[in-house]
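S.K.: In my numbering, the protein residues as written are -7 to 30.
Keep in mind the hints are simulated off the structure, nothing from the lab.
Incorrect hints may have been included.
Stated by the list, open to error - Each pair of labels, with its calculated beta carbon distance range:
1) S0 / N20: 24 to 32 Å
2) F(-1) / E26: 18 to 26 Å
3) V23 / S0: 22 to 30 Å
Ideal Cβ placement from N, Cα and C applies to all residues, glycine included.
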Amino acid sequence: MSDWEVFSIKYADRNARTRGDSFIFDDNHDVPHEMDYF
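Construct the complete structure from the given sequences, taking the supplied hints into account.
M.R.: Structure, rendered in structure tokens:
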């Protein structure tokens, strides 16, 4: 088995998102659901 080394760069984030934006049937639809983009 070979070894891997992974690098990533975070280029954006979105903090104004709620769980209701991401999930259709969610009881906690007003809870923040932050996303990071790599």
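S.K.: None of the hints should be skipped; say for each whether it holds.
M.R.: A quick look at each hint next to the structure:
For S0 and N20, the hinted distance range of 24 to 32 Å is satisfied, since their beta carbons lie about 28 Å from each other. Taken as a hint, the range 18 to 26 Å holds for the pair F(-1) and E26, whose Cβ atoms sit roughly 22 Å apart. The hint said 22 to 30 Å for the Cβ distance between V23 and S0, and at roughly 26 Å that hint holds.
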